[in-house]
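Chain by chain, the residues run as shown.
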Amino acid sequence: MTLSVNDVKRIADLAYIEINDVEAKETLDQLSGIFDLIETMQAVDTSTVEPMSHAQSVLQRLREDEVTEADQHELYQSSAPQVEADLYLVPQVIE
Amino acid sequence: MQWEIVIGLEVHAQLSTQSKIFSGASTAYGAPPNTQACVIDLALPGVLPVLNKGAVERAIKFGLSVGAKINSPSVFARKNYFYPDLPKGYQISQYELPVVQGGSIHIQADGVDKIIYLTRAHLEEDAGKSLHEDFHGMSGIDLNRAGTPLLEIVSEPDMRSSKEAVAYAKMLHGLVRWIGICDGNMQEGSFRCDANVSVRPHGTEKLGTRCEIKNLNSFRFLEKAIDYEARRQIEILEDGGTIRQETRLYDASKDETRTMRTKEDANDYRYFPDPDLLPLEISANWIEQVRSALPELPQARRDRYISEFGLSGYDASVLTSSRETADYFEATVRQLPAQAKLCANWIMGEISGQLNKEGQEITDCPITPSQLAMLLERIADGTISGKAAKTVFESMWSGELEKNVDAIIAAKGLKQISDESAIEKLVDQVLAANEQQVADYRNGKEKAFNSLVGLIMKAAQGKANPAQVNTILRNKLAG
Amino acid sequence: MFNASLKQLSIQLAEKEISSTELTTQFLQRIKQHNPEYNAFITVNEEISLAQAKAADKMIATGQAGPLTGIPIAQKDIFCAKGWLTTCGSKMLSNFVSPYDAGVIERFNQAGAINIGKTNMDEFAMGSSNETSYYGIVKNPWDIAAVPGGSSGGAACAVAARLAPAATGTDTGGSIRQPAALCGICGIKPTYGLVSRYGMIAFASSLDQGGPMAKTAEDLALLLNVMIGFDPRDSTSLQRDAENYARDLQKPLAGLRIGLPKEYFAEGMSHDVASAIEKALVEYRKLGAQTVEVSLPNAPLSIPVYYVLAPAEASSNLSRFDGVRYGYRAPSYSDLADMYRKTRAQGFGAEVKRRILIGTYVLSHGYYDAYYIKAQKLRRLIAQDFTEAYKQCDIIMGPTTPTVAFNLGEKSGDPIQMYLSDIYTSAANLTGMPAMSIPIGFGDKNRPIGLHIIGNYFKEAQMLNIAHQYQLVTDWHLKSPV
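So the protein sequences, as listed, match chains A, B and C.
Taking UniProt numbering, the leading residue of the first sequence gets 1, the next gets one more, and so forth.
Taking UniProt numbering, the leading residue of the second sequence gets 1, the next gets one more, and so forth.
Taking UniProt numbering, the leading residue of the third sequence gets 1, the next gets one more, and so forth.
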């Protein structure tokens, strides 16, 4: 597999991380090396193996449907970048 | 060319839990901004989700109600995208293994019965809201709604007209309320529809390119948006154009749909199983518990009303449009088993009309089923006329005389004269005083009969039993 | 006192030889004096620490003290602690004062332990040298030209330099064990699911596990007794009966079968490390253990598998850092998307961004099966290898790291070389098995060497027994750089 600068830019775009051309080139070199390492996985035949998502084969525990949380918005908003009228402010959302 | 419209619906039903799907914050509607957003809903660093049993139970209820398979295990996945109302930068949803698979809903549109099949229904969390009032050109984010449990119900592309789509949406809306998993409040966004619409030449198999119309928050908009969208697509195709797969937004003020985003800029959501949540297993035992606690479903009740009470299909459908209406009907008819049709007529007529006028629900009805049954019984036993019953009904509605039917009849002097001899006396008096009309009738003027009835009723101050008046009068004139 | 074990400190506190306030003050003093040199702590908050010490003294006075009451513990800055700046080593959280306590912090608070400060770490725990911290590099107290290891580098340094009697760490691919080895201390990553992840800022959710770092195996046991416990707020937290992890410390090792995976004794391990391991095994044979060769054929793929799964989970876990609700927001931007992109470009360091990009790529359309699913399948094969191996042995041993601590700056420009530092450690995260490192000597430039002990699921007590018996007959754990 060969990555291109465009691939790097596309994934940076998906990840919402600004990246300039120089950084993209630099990143490409590093990622290419890492993906060469990752590609070594393909040598093993895993066609009959089930994927393993969790270290323990445990099932989801369920919470009772109860309200346990009180309003603490002032505390929670104390480290917010920009708040007005108890709302988190962001640049205009266009729908 | 003849075109066929193909429609599939995706409905987001907010589940009526007390707390959120993955946190213990309240889901109550209308709280001040961000007062119901806890550390988990805010996606503070380090927080983790724990699944709400109430949300799962509601999903099971739904699955059983539509005859679907309850998947066990089902798996929660992350749908990754950035949006300010999505605090984690991903939505926890179900992707490859939804909790509910398959199922179907019976609808009637234009008098035809039809089955709409469901693809799946899965659990997921709702997002917050962006408010666009002007905060110096910025938007405000309220995360109270973030984490509210949703059941996304996806149908197969089985509908062929906007009317069928509306019939399906209404049936689903009725069902989720019936089984008590969603309050169905469309204004508050508790029940939201997206429609996938495509068209194809009649008689062909291959599906056309579809467009998804987002956030249709009323049945009327659903119908109009589909109609507009189908026309738009047909026009493009007839002009030799092609349909672009895209997401469109319905603008109710202009009655049109417009492009929201095209397939090209559609997100790559990078779904993967959420490592913070484990596979959800639902035991057969739990499913049976839920099943045994399920109410009789609308379809079953409808069938029973037809067979047990001899109601028409139409009446049975109207009465089973909501569980509350059906329960009201049953409570009434239980006390008046021989008068099912009369009960049905009054509930669909007077009661529903009055409620509509006042913008209220059957649960707000000031007249209880027993009170209504008492009133209808007085019609049935001839104590009052249907017309007088309406007067009594109005008095009851406004709470007069503690809604006591007999007291109102007495106070208003509405009791019918059903005594044979009393009516005969009245008839004799009228006949004696109106020889001309009697002669006219006997000379073949049928009109004179009605005029005599009118005079008798007038003499009885409207209280004589009209059927008896008719019979006695006819006998006397014949005699 | 700075060299005392937790047990010794506990006795001194109980016998009123010293108060928690005095003990805490002395450690705070020592941090003040030496932290500028090591940079082991990001945040020290004397006011909170001393208030906790005062409360602990009251507990001791009223006979409510437990084994850790009044003892200062350094907390890795990945654990949210109410009222404390909690940065996770990142500019992104440079202003984040946590409004809540992590499960682990709660348990230490309930035990009456003192939070002596928040330790430095690789940014979002991504690194093996502590060089990716926004708050500067941490020095290895044995040799300030060397890295302390990472990501729990501040914690390892703090314990080794005697700035704290013990510390917490977290381990996603080796982040407790590798710095413990490089700094000559002990550290254990318990079985996945035993230590609550609630409030522990997520790197890779299915691999992350908190654990203690201390001078001795016995101290680790006391710390595990506090740290481990069911937390209903973490869906992956295991509901099990409470254990006393110190219960088996004194058991003799006669008959113990030590498995030596041939793949871990192949090329890649440096000579100094190999010879230290051999000497440690000689000690174990003297203690009555026998060694058997075992094979973990898929273990060499741990690094590629890890570098698919961990970045994939991380790329999603770190999406919440967007400058909307807390943390850093770029000072200028043109619109919403630009705000996100600049915030994340400026708020994250190079290594974190690199891993987010790897993770984003392996999850993206068309690559998911080839990378993510493939890696999960190999993860199962690796776990099966270990399960097979445990049919022939009770415990697995090998080197914690291929070499002693490398020099600061030596690998920071070469991510792959850096990633290979976790070659022996990441398998235990993939399988979820418990693993620990204990000091067993010194190698090149007199830098410490660690022995890696990997147990089967829930074998923590046995592992601590194995480590403790070694420490009863050797004194590497008593060596101090200061």
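Keep in mind that the hints were calculated from the coordinates and are not lab data.
No experiment lies behind these values; they were computed from the predicted model shown.
Please note: incorrect hints may appear among the correct ones.
List of simulated lysine-lysine pairs, DSS-like, C-alpha gap at most 27 Å [to be verified]: (1) B:Lys129 x C:Lys342; (2) C:Lys7 x A:Lys9; (3) B:Lys79 x C:Lys342; (4) B:Lys463 x B:Lys341.
Of the numbered hints stated previously, which ones are contradicted by the structure, given in increasing order? When the structure is compared with the hints, only number 2 turns out to be violated.
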